[in-house]
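Asker: Read top to bottom, the protein sequences are chains A and B. For the first sequence, the numbering used here gives the first residue as 18, with consecutive numbering after it. For the second sequence, the numbering used here gives the first residue as 151, with consecutive numbering after it.
By construction, these hints were calculated from the structure, which means they are not laboratory data. Fair warning: this is a prediction, and the values are worked out from it, not measured in the lab. Glycine residues also receive a C-beta, built at the ideal position from the N, C-alpha and C atoms. Each hint should be verified, as a subset may be incorrect.
[As the list claims (entries may be wrong)] Using 25 Å as the maximum straight-line C-alpha spacing, the simulated BS3-like pairs for lysine-lysine come out as follows: (1) A:K278 / B:K482; (2) A:K463 / B:K482; (3) A:K424 / B:K219; (4) A:K460 / B:K166; (5) A:K278 / B:K430; (6) A:K277 / B:K482; (7) B:K166 / A:K351; (8) B:K219 / A:K395; (9) A:K277 / B:K475; (10) B:K475 / A:K466; (11) B:K475 / A:K424; (12) A:K424 / B:K218; (13) A:K37 / B:K166; (14) B:K218 / A:K395.
[As the list claims (entries may be wrong)] Quick list of the computed label-pair ranges, beta carbon to beta carbon: (15) B:V157 / A:N42: 29 to 35 Å; (16) B:L245 / A:M430: 45 to 51 Å; (17) B:V157 / A:G284: 29 to 35 Å; (18) A:F426 / B:K340: 56 to 62 Å; (19) B:N484 / A:E205: 42 to 48 Å; (20) B:K166 / A:A64: 38 to 44 Å; (21) B:K166 / A:N42: 23 to 29 Å; (22) A:P181 / B:V157: 41 to 47 Å; (23) A:D343 / B:V157: 17 to 23 Å.
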Amino acid sequence: MADIRGRLTFSGGVHPPESKEYSENCPIEVVPVPKQAAVLLSQHLGAACAPLVAKRDKVAAGQMIGKAEAFVSAPVHSPVNGTVKDITLLPHPAIGRTMGILIETDETGNAPKQPAARHFDRTFDPAGFSVDAICRAAQEAGLVGMGGAGFPSRVKIEPNPSMPKELLIINACECEPFITCDYRVMLEWTWQVLAGIRLAARAAGVSRTRIGIEDNKPEAIRVMTEAVRTLDEAEDIQVVPVKTKYPQGGERQLIRAIEKKTVPTGGIPPAIGICVLNVATCAALAEMAVLSQPLTHRVVTVTGRAIARPGNYYVPIGISAAELIDHCGGLTEKAAKVVLGGPMMGFAIADLSQPITKTSGALTLLTRTDVSEAKYQKQQTPCIRCGRCLAACPENLNPTKIAHAVKHFRMEMADQYYLSACIECGCCSYVCPAQIELTGYIKTGKLLKARAKKRQG
Amino acid sequence: MLSKITVSPAPHISQKRSTRGVMLDVIIGLSPAMAAALYFFRVKAAMVMAVCVVSCLFVEWICGVLRKKPHSLGDLSAVVTGLILAMSLPPAIPLWAVVIGAAFAIVICKMLFGGLGANIFNPAMAARAFLSASFGVLMTTWTVPATIAPDLPQISATQTTAVTQATPLAWAKSAIQGKADVKEVNAMLKSAFLGSVGGCLGETSALALLIGGAYLLIRRTITFHIPAAVLIAAFVFAEIFYLINPDKYSTPFVQLFSGGMLICAFFIATDPVTAPLSTKGMWIFGAGVGALIMLIRFIGEYPEGVMYAVLIMNAVSPLIDRACKLIPAGGKPNVK
Numbered sequence: 018m019a020d021i022r023g024r025l026t027f028s029g030g031v032h033p034p035e036s037k038e039y040s041e042n043c044p045i046e047v048v049p050v051p052k053q054a055a056v057l058l059s060q061h062l063g064a065a066c067a068p069l070v071a072k073r074d075k076v077a078a079g080q081m082i083g084k085a086e087a088f089v090s091a092p093v094h095s096p097v098n099g100t101v102k103d104i105t106l107l108p109h110p111a112i113g114r115t116m117g118i119l120i121e122t123d124e125t126g127n128a129p130k131q132p133a134a135r136h137f138d139r140t141f142d143p144a145g146f147s148v149d150a151i152c153r154a155a156q157e158a159g160l161v162g163m164g165g166a167g168f169p170s171r172v173k174i175e176p177n178p179s180m181p182k183e184l185l186i187i188n189a190c191e192c193e194p195f196i197t198c199d200y201r202v203m204l205e206w207t208w209q210v211l212a213g214i215r216l217a218a219r220a221a222g223v224s225r226t227r228i229g230i231e232d233n234k235p236e237a238i239r240v241m242t243e244a245v246r247t248l249d250e251a252e253d254i255q256v257v258p259v260k261t262k263y264p265q266g267g268e269r270q271l272i273r274a275i276e277k278k279t280v281p282t283g284g285i286p287p288a289i290g291i292c293v294l295n296v297a298t299c300a301a302l303a304e305m306a307v308l309s310q311p312l313t314h315r316v317v318t319v320t321g322r323a324i325a326r327p328g329n330y331y332v333p334i335g336i337s338a339a340e341l342i343d344h345c346g347g348l349t350e351k352a353a354k355v356v357l358g359g360p361m362m363g364f365a366i367a368d369l370s371q372p373i374t375k376t377s378g379a380l381t382l383l384t385r386t387d388v389s390e391a392k393y394q395k396q397q398t399p400c401i402r403c404g405r406c407l408a409a410c411p412e413n414l415n416p417t418k419i420a421h422a423v424k425h426f427r428m429e430m431a432d433q434y435y436l437s438a439c440i441e442c443g444c445c446s447y448v449c450p451a452q453i454e455l456t457g458y459i460k461t462g463k464l465l466k467a468r469a470k471k472r473q474g
Numbered sequence: 151m152l153s154k155i156t157v158s159p160a161p162h163i164s165q166k167r168s169t170r171g172v173m174l175d176v177i178i179g180l181s182p183a184m185a186a187a188l189y190f191f192r193v194k195a196a197m198v199m200a201v202c203v204v205s206c207l208f209v210e211w212i213c214g215v216l217r218k219k220p221h222s223l224g225d226l227s228a229v230v231t232g233l234i235l236a237m238s239l240p241p242a243i244p245l246w247a248v249v250i251g252a253a254f255a256i257v258i259c260k261m262l263f264g265g266l267g268a269n270i271f272n273p274a275m276a277a278r279a280f281l282s283a284s285f286g287v288l289m290t291t292w293t294v295p296a297t298i299a300p301d302l303p304q305i306s307a308t309q310t311t312a313v314t315q316a317t318p319l320a321w322a323k324s325a326i327q328g329k330a331d332v333k334e335v336n337a338m339l340k341s342a343f344l345g346s347v348g349g350c351l352g353e354t355s356a357l358a359l360l361i362g363g364a365y366l367l368i369r370r371t372i373t374f375h376i377p378a379a380v381l382i383a384a385f386v387f388a389e390i391f392y393l394i395n396p397d398k399y400s401t402p403f404v405q406l407f408s409g410g411m412l413i414c415a416f417f418i419a420t421d422p423v424t425a426p427l428s429t430k431g432m433w434i435f436g437a438g439v440g441a442l443i444m445l446i447r448f449i450g451e452y453p454e455g456v457m458y459a460v461l462i463m464n465a466v467s468p469l470i471d472r473a474c475k476l477i478p479a480g481g482k483p484n485v486k
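I would like the entire structure built from these sequences, with the hints used as guidance.
Answerer: In structure tokens form, the structure reads like this:
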């Protein structure tokens with residue numbers, strides 16, 4: 018067996034406890050059809066969708082119910098057969114509230130959707146798909162970056178003459194602690210993932226593809242390497258083990274680790290000829306291109322010390338956090354925080370009617386000990402200027418200065434310290450001995466800046 | 151059941167290390183030097199350290215009461231200030247002077263600036279400077295360890311002949327001025343390393359300070375940048391002078407192991423509040439401290455330069471921070 022130790026890395030970053038043991042060995046489990054599904058009209062970066070259905074309309078599983086009208090947008094589909102109960106404001110993890118379609122599930126005629134992996138094997142050939150067909154599939158499936166950012170995938174893989182792409186990087190790092198959904202997808206849906214990767218590579222017109230996996234997942238590295246070995250070498254797809262360090266799965270960090278190239282501040286990877294896609298996104302792309310099944314379900318890791326039955330669940334997008342938690346045996350007594358996403362970048366939610374979205378890879382249930390007593394009680398002490406946040410910042414920023422500027426509404430000063438270059442990975446808050454919510458301040462600063470810009474028109 | 155669920159910005163986990171933990175580490179790091187001080191200066195050392203720490207804590211508590219704010223004794227920063235100040239005082243100093251120094255450190259140098267994290271100058275060094283300026287004689291009356299405890303085992307062969315009433319650095323100064331033989335100064339290396347020489351409480355034993363410094367480095371309470379910069383700069387400076395005139399200047403190792411050089415490199419210059427934030431800034435800051443110490447020792451009027459070197463570099467530390475502003479990993483953005 019080849020050496021799987023990944024030495025490729027970036028500067029800065031932190032090593033939080035990996036905490037993958039709760040769910041890494043739990044096979045993907047199909048969740049029963051929920052009583053209702055809440056499909057948000059804004060699950061991606063870009064313009065929200067326009068609803069295509071009205072109250073009391075009948076919808077079928079897989080039917081498009083929200084239409085993307087802007088260039089950077091993605092449609093949404095109903096995950097179940099049912100009736101539209103309401104189109105209303107629903108909780109959204111990042112932006113508070115947003116319009117969504119509430120669907121009441123039909124009592125009969127609904128069977129839980131099974132994963133599509135069984136339709137894929139090593140004989141898959143992407144040559145039968147035109148670039149146009151693949152891009153159309155990405156758009157019609159409502160495909161967005163499922164790793165968390167939620168950027169519409171069609172915009173990413175579509176050939177763009179002004180920014181030709183040379184390399185496709187598949188982000189399979191899963192550097193967030195606790196989360197194991199991408200890991201399980203690689204182990205169990207290997208051929209489907211590979212089919213998606215090859216389709217994406219074909220559409221993007223790249224000459225090379227690199228699959229970056231952190232070296233704390235030797236099994237995934239082994240499985241993917243073996244699968245890739247069956248391919249023609251001309252396709253030039255390789256698995257690249259990278260060092261286990263958070264945030265290795267940030268696309269800018271992954272590009273730096275694998276290619277030693279730097280995406281310019283404020284720029285996007287295509288500016289240097291690179292396209293980065295998440296593993297789960299590739300699997301969903303294959304599903305749409307081959308089976309015409311849009312993105313209505315995804316694998317969600319429900320994990321942490323505060324849940325009775327942690328695992329990896331194949332759930333309809335739109336199931337509420339409460340219903341999913343109930344399916345997993347409910348919260349334990351010690352539950353202190355419900356986080357949609359991982360503990361480093363996820364959103365703490367208070368309203369458990371919050372639906373799962375396309376970008377929610379995990380539901381992390383943390384106890385008071387996980388959160389730490391000081392953080393639970395929100396005890397922040399003065400900054401002692403120790404500089405740990407500077408050393409941990411993967412983007413080489415000065416988090417304490419930015420946070421200080423934002424705290425005192427000195428926006429021009431925050432800009433001087435490159436507020437917008439922050440990737441919000443959370444490393445600075447993680448290392449701060451004074452428990453200052455540096456990332457929180459920086460996010461607030463970005464929000465204030467966006468608001469000021471809007472006001473100026 | 152769900153009543154206790156909280157929300158806050160990400161991240162939701164954090165490293166289990168607090169300001170209190172950092173300060174506790176510094177105290178543990180200082181403990182070998184404290185033990186050495188107790189060993190060499192006995193009850194005088196114990197009195198100075200105890201009075202200094204207790205006064206710092208008491209004054210900090212009073213400040214909290216006056217500011218009508220919850221006291222901040224729990225972060226242990228006052229203990230650290232008290233210990234560092236005690237370590238930089240001569241063993242024979244009267245206790246009333248210790249109390250004045252401690253009060254000056256906490257009230258004038260720390261609380262008036264806004265408390266922990268807001269002070270410009272290292273409180274312990276500023277208080278020591280205040281005491282030196284006010285009570286010059288008390289601050290330069292050195293006790294020889296052997297006179298306190300004549301029954302101590304002979305740790306050093308040179309002990310009986312070399313040092314009587316002056317520190318190695320005072321001898322080095324005399325040598326520079328042509329009043330003493332530099333060879334005698336160089337012969338003090340071993341006693342300076344082990345600590346059986348005259349000097350401030352925490353300065354005497356280089357070995358104890360190195361052990362404490364190593365502890366801080368291993369615990370990652372401090373990074374290596376500042377200590378390395380201080381020691382390299384001082385060594386290079388001393389080496390150049392030694393090479394030019396070995397009859398006048400003592401060897402670089404004598405300079406590194408005597409006086410406040412090591413306690414400065416590991417415990418004083420590394421005070422995060424008064425040092426620059428970025429690693430590049432730390433290198434410049436440390437090198438400045440090291441070079442200034444040697445400049446004062448060799449060319450200046452005083453035998454020892456740690457205190458003023460640290461205070462001068464504290465003053466320029468914000469400028470260093472400004473000069474070493476970090477550039478984002480992706481380069482400066484094109485549009486602001």
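Asker: Hint by hint, note whether the structure agrees.
Answerer: Hint by hint, here is what the structure shows:
1. Taking the CA atoms of K278 (chain A) and K482 (chain B), the gap is near 15 Å; set against the 25 Å cutoff, the hint holds.
2. Under the criterion of a C-alpha separation no larger than 25 Å, the hint pairing K463 (chain A) with K482 (chain B) is consistent with the structure, at around 18 Å.
3. Only pairs whose Cα atoms come within 25 Å are accepted, and K424 (chain A) paired with K219 (chain B) is accepted, the gap being roughly 21 Å.
4. A C-alpha spacing of about 23 Å is found between K460 (chain A) and K166 (chain B), which places the hinted pair at or below 25 Å, so the restraint holds.
5. At roughly 23 Å between alpha-carbon atoms, K278 (chain A) and K430 (chain B) fall within 25 Å of each other, so this suggested pair holds.
6. As the CA atoms of K277 (chain A) and K482 (chain B) are separated by approximately 18 Å, the hinted pair is consistent with the 25 Å bound.
7. Among the hinted pairs, K166 (chain B) with K351 (chain A) is consistent with the structure: their alpha-carbon atoms are about 19 Å apart, no more than 25 Å.
8. Straight-line distance between C-alpha atoms of K219 (chain B) and K395 (chain A) comes to about 18 Å, which keeps the hinted pair within the 25 Å bound.
9. Distance hint between K277 (chain A) and K475 (chain B) is fulfilled; the C-alpha atoms sit about 23 Å from each other, no more than 25 Å.
10. Between K475 (chain B) and K466 (chain A) the CA atoms are separated by roughly 22 Å; this keeps the pair inside 25 Å, and the hint holds.
11. Taking the CA atoms of K475 (chain B) and K424 (chain A), the gap is about 20 Å. The hint holds against a cut of 25 Å.
12. Using a Cα cut-off of 25 Å, the hinted pair K424 (chain A) and K218 (chain B) holds, with the two alpha carbons roughly 23 Å apart.
13. Between K37 (chain A) and K166 (chain B) the CA atoms are separated by roughly 19 Å; this keeps the pair inside 25 Å, and the hint holds.
14. Restraint check for K218 (chain B) and K395 (chain A): satisfied, since their Cα atoms lie roughly 21 Å apart, inside the 25 Å limit.
15. In this structure the hint that V157 (chain B) and N42 (chain A) lie 29 to 35 Å apart at CB holds, the actual value being about 31 Å.
16. The hinted window of 45 to 51 Å between L245 (chain B) and M430 (chain A) holds, with their beta carbons roughly 46 Å apart.
17. For V157 (chain B) and G284 (chain A), the hinted distance range of 29 to 35 Å is satisfied, since their beta carbons lie about 33 Å from each other.
18. Between F426 (chain A) and K340 (chain B) the C-beta distance comes to about 59 Å, which sits within the given range of 56 to 62 Å.
19. Between N484 (chain B) and E205 (chain A) the CB atoms are about 44 Å apart, so this pair conforms to the stated range of 42 to 48 Å.
20. Separation of K166 (chain B) from A64 (chain A) is about 43 Å and conforms to the stated range, judged on CB atoms against 38 to 44 Å.
21. Taking 23 to 29 Å as the suggested C-beta distance range, the pair K166 (chain B) and N42 (chain A) conforms, at roughly 27 Å.
22. Checking the proposed 41 to 47 Å range against P181 (chain A) and V157 (chain B) shows it holds: the Cβ atoms sit about 44 Å from each other.
23. Checked against the hint of 17 to 23 Å, the C-beta distance between D343 (chain A) and V157 (chain B) comes to roughly 21 Å, which is consistent with it.
The structure agrees with every numbered hint stated previously.
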